[in-house]
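Quick mapping for you: the protein sequence lines, in order, are chains A and B.
When you read off a place in the first sequence, starting at 1, and then add 9, the result is the number in this note's numbering.
When you read off a place in the second sequence, starting at 1, and then add 31, the result is the number in this note's numbering.
Note that these hints are calculated values from the structure, not bench results.
The structure presented is a predicted model; accordingly, all values stated were derived computationally and were not measured.
Just to be clear, a hint being listed does not mean it is correct.
Unchecked claim - Here are the simulated EDC-like cross-link-like pairs (lysine to aspartate or glutamate), alpha carbons at most 20 Å apart as the crow flies:
1. A:K191 / A:E121
2. A:K124 / A:E184
3. A:K36 / A:E252
4. B:K215 / A:D83
5. A:K82 / B:D35
6. B:K215 / A:E110
7. A:K36 / A:D17
8. A:K82 / B:E203
9. A:K186 / A:D12
10. A:K254 / A:D357
11. A:K271 / A:E252
12. A:K82 / B:E204
13. B:K215 / A:D80
14. B:K215 / A:D85
15. A:K186 / A:E168
16. A:K356 / A:E323
17. A:K191 / A:D80
18. A:K254 / A:E347
19. A:K193 / A:D34
20. B:K92 / B:D268
21. A:K320 / A:D294
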Amino acid sequence: MADVTLSDIRKSYGAVKTVHGVDLDIKDGEFVVLVGPSGCGKSTLLRMIAGLETITGGTLNIGGSVVNDLDPKDRDIAMVFQSYALYPHMTVATNMGFSLEHRGASKAEIAERVKWAAGILGLTSLLDRYPRQLSGGQRQRVAMGRAIVRNPQVFLFDEPLSNLDAKLRVVMRGEIKALHQKLKTTTIYVTHDQVEAMTMADRIVVLNGGRVEQIGAPLDLYDRPANQFVAGFIGSPSMNFLEGKITEAGFQTSGGVLPLPKLINTEMGQTAVYGIRPEHFRLSDHPSHASVPAEIVLIEPMGPETQVTMKFGETQVTGVFRERINGAPGEVIHVSPEVGSIHLFSKDGDTRLN
Amino acid sequence: MRADISPRAKVALYGVMCVLLIPFVFPTWWMVTSSIKPISDIFAFPPQLVPQSYDWTTYSKVFELQPFVRQYWNSAYIAAVVTIGTMIISSMAGYAFARIRFPYANAIFMIVLLGLLIPSEVTIVPLFQMFLKAGMVNTHWPLILVPIFGAPSVFATFVMRQFFVTLPAELEEAARVDGLGRFKIFTRIALPLAKPALASVAIFTFLHSWNLFLEPIVFLSSAEMFTLPQALTQYTDAYGGPMWNIQLAAATLTALPVLIVFIIAQKQFVEGLAHTGLKG
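Given the sequences, and given the hints that come with them, work out the whole structure.
Below, the structure written as structure tokens:
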């Protein structure tokens, strides 16, 4: 177990810069998730931490020592790959004990560690099988077993659940989280799935275009996104954005006037982006000064909640309601945004205004 | 689908297949049966498909007229050394071309591949002069060194490279994280996974060396050093005419190991040859 510190970490391929100076302090035992859209540099960052990619600039510190120029094997890390990367010609037991074998462990020690890891992951009955004889979830578990068997300082996960079906993904998500709680090893986990990030992380790092957009606890990111990108990325269905002007009466959009929260550094008449999450709309029985009319486009009943796509002036927005809605497309309903859950961003989306 | 074929169509299909079989099976049948016929029966008209009389002495004469055991050994050990040498060199070179990033790797690979375009007949005279100067004529060195560093090895390198290119990079990265260096990744991860490609390289290299004809007749001059294909030409009478039945007996013995291996490992043979894109 160890701290991991990234100071101004950069990566370029020739003239193409992919990571533009990332600073990140990961505390011992923390579970940090790097999340972002495809091509945001999250996997590159992880691979630089692993030592599989060279670091163009900056300093990487694991457990108090600079490891920029160390080989992966000397960094005392273990990595779980997206494709699991199990050695097809070795049994589960050999796969799991392989790294120990190459670090000079005795046969008895290897057997003991493999047995311990297999016990934790429920693999004891599968130790003599080959990877091809295992299901996707079992392979995933073997890949984790290979990582934990060595008791490394840091676990690195590179989108480990993306090859599993939706149901198994939820199960394995829980298992990885439970494993972390049991072993308390510093973990850096890469995913493009914000639900995975929200449910697993102690802290989330949102990356975009090779830059850190925001670092924070999952609910901090959800409640107070620093900019429009983070606001749109975290949360599913994603946040609605409406363009308009800040006026005395409220936020003037093409669909009507919306209530405004307490603002900082704003001027009357300033153009801005109004953000409201689908779950932060409330249904109003009657028109009122706090509600705005919206035309129903699509109703999707999900069971516990109802997702409604609505037209709000020229803009289409999504609302999620606990109530069951008996409306039809074309009908008008009245909805009001929760004032305490409104996010206001500058026109370019880079700055939060409330 | 097969159940849909009517019995009549099935009979017709088998008939066609039997006819197509004749050009493949007949030469072998003729070689084996003629090896135990008296020489006059080989040229009898109408031809005797089944021998009327047997002359087993042809097989003992094979060993009396030539140092056949010695020649058999020559062919076997040369083919074995060439096969093992080619497997070592082509797997390492193929891995390097596929996996190690070095300047002009693709250009160098293309230049290496160009070696395949030069017919062996073109290089045989300069090679002879080279080996003559090195004092290696009438030794087995040319028959070992030329294939290991020549066209057969280039082709084998190509086959191995194409295999290693398809090997997932994550496997090697996992091995790096597990603590392996480049050479151990090659021996412990890449090579064991390359068994199908290595098997096909072994098959065609062995066959090529076993059947090599031009090089032995250029480089070897004494009967003790001969390999089998060359030895077959030596069963002649006092006037230089071929002793057909003895020659065919020797040919049968020459083809025997390949036939036996083929029958035992028929499936692997076909898969191996399919893997290389070579025809049988």
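Here's how the hints hold up against the structure:
Distance hint between K191 of chain A and E121 of chain A is fulfilled; the C-alpha atoms sit about 19 Å from each other, no more than 20 Å. Using a Cα cut-off of 20 Å, the hinted pair K124 of chain A and E184 of chain A holds, with the two alpha carbons roughly 18 Å apart. The straight-line distance between the Cα atoms of K36 of chain A and E252 of chain A is roughly 39 Å, outside the 20 Å bound, and the hint therefore fails. Restraint check: the Cα-Cα separation between K215 of chain B and D83 of chain A comes to about 16 Å, which is no more than 20 Å; the hinted pair holds.
Between K82 of chain A and D35 of chain B, the direct Cα distance comes to roughly 60 Å. Violation of the 20 Å bound is thereby established for this hinted pair. A C-alpha spacing of about 12 Å is found between K215 of chain B and E110 of chain A, which places the hinted pair at or below 20 Å, so the restraint holds. A hinted pair counts as satisfied when its Cα atoms are at most 20 Å apart, and K36 of chain A with D17 of chain A qualifies at roughly 17 Å. Distance hint between K82 of chain A and E203 of chain B is fulfilled; the C-alpha atoms sit about 12 Å from each other, no more than 20 Å.
For the proposed pair K186 of chain A and D12 of chain A, the alpha carbon gap of about 19 Å is at most 20 Å, so the pair holds. A distance of roughly 14 Å separates the Cα atoms of K254 of chain A and D357 of chain A; the hinted pair therefore holds under the 20 Å criterion. Between K271 of chain A and E252 of chain A the CA atoms are separated by roughly 18 Å; this keeps the pair inside 20 Å, and the hint holds. Restraint check for K82 of chain A and E204 of chain B: satisfied, since their Cα atoms lie roughly 10 Å apart, inside the 20 Å limit.
Taken as a hint, the K215 of chain B and D80 of chain A pair is honoured in the structure, with Cα atoms around 15 Å apart against an allowance of 20 Å. For the suggested pair K215 of chain B and D85 of chain A, the alpha carbons sit about 19 Å apart, so the restraint of at most 20 Å is met. The hinted pair formed by K186 of chain A and E168 of chain A meets the criterion: a straight-line CA distance of about 14 Å does not exceed 20 Å. For the given pair, K356 of chain A sits about 18 Å from E323 of chain A by alpha-carbon distance, which is consistent with the 20 Å threshold.
Under the criterion of a C-alpha separation no larger than 20 Å, the hint pairing K191 of chain A with D80 of chain A is inconsistent with the structure, at around 28 Å. This hinted pair checks out: K254 of chain A and E347 of chain A have alpha carbons roughly 19 Å apart, not beyond 20 Å. With a C-alpha separation of about 17 Å, the suggested pairing of K193 of chain A with D34 of chain A holds against the 20 Å cut-off. The hinted pair formed by K92 of chain B and D268 of chain B meets the criterion: a straight-line CA distance of about 12 Å does not exceed 20 Å.
Taking the CA atoms of K320 of chain A and D294 of chain A, the gap is near 18 Å; set against the 20 Å cutoff, the hint holds.
When the structure is compared with the earlier hints, violations turn up for hints 3, 5, 17 and for no others.
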